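Novice: First to last, the sequence lines map onto chains A and B. Those letters in the first sequence? Residues 1 to 82, per the numbering used here, in order. Those letters in the second sequence? Residues 1 to 82, per the numbering used here, in order.
For the record, the hints were derived by calculation from the structure and aren't laboratory data. Treat each hint with caution, since some may be false.
Since the list gives no way to pick out one identical chain from another, each pair is judged satisfied if it fits inside one copy or across any two copies.
[Stated by the list, open to error] Simulated pairs of lysine to any residue, SDA-like, Cα-Cα distance not exceeding 25 Å: (1) K58 with E45; (2) K39 with A2; (3) K39 with F11.
Here the structure is a predicted model, which is why all the values come from computation and not from measurement.
Protein chains: 2
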Amino acid sequence: MARFMDVHDGFVGATREQIIEAHDADLAIEGDEGVHFEKAWLDAEAGKVFCLSTAPSKEAVMRIHERSGHPTAEVYEIGVEV
Amino acid sequence: MARFMDVHDGFVGATREQIIEAHDADLAIEGDEGVHFEKAWLDAEAGKVFCLSTAPSKEAVMRIHERSGHPTAEVYEIGVEV
């Protein structure tokens, strides 16, 4: 298992409820790929969302996000955390 | 106080020691601006670093990072965290 940070664009004006809903949609199916999304952070002005996860691969993170309706190609494998 | 996520490029091939050193350089002066850097995550292949902080403003985060020698213009104010 490795650690990943992924980045989404296009969430301009998103609300807390919408982020909870999107995060819950990930959590509902993440087990299918052995992924766990730990945290999500939204900047609604910039429309950016950052998600921190543990997963077996970058592709697993991407597949869950795609199935949940918020695909992203920006997934970074975290080698160092301080 | 608000929460911020900032993003750095150009850390391709950076080591754990270099990230600890960069993070310590921030911690050494962050109090001057009322900033606190909580976490930093590195993807050395992509050269990306993500920093999570609490701070009075985006500009305060930018000033500390600039003085520490790793400026970035990409600082996002986090309105929602789940």
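Novice: State for each hint whether it applies.
Specialist: Each hint, compared with the structure:
In this assembly of identical chains, the alpha carbons of K58 and E45 lie at most 25 Å apart only when taken from different copies (13 Å versus 27 Å within one copy). For the homomeric pair K39 and A2, the shortest alpha-carbon distances inside one copy (15 Å) and between copies (17 Å) are both at most 25 Å. In this assembly of identical chains, the alpha carbons of K39 and F11 lie at most 25 Å apart whether taken from the same copy (16 Å) or from different copies (24 Å).
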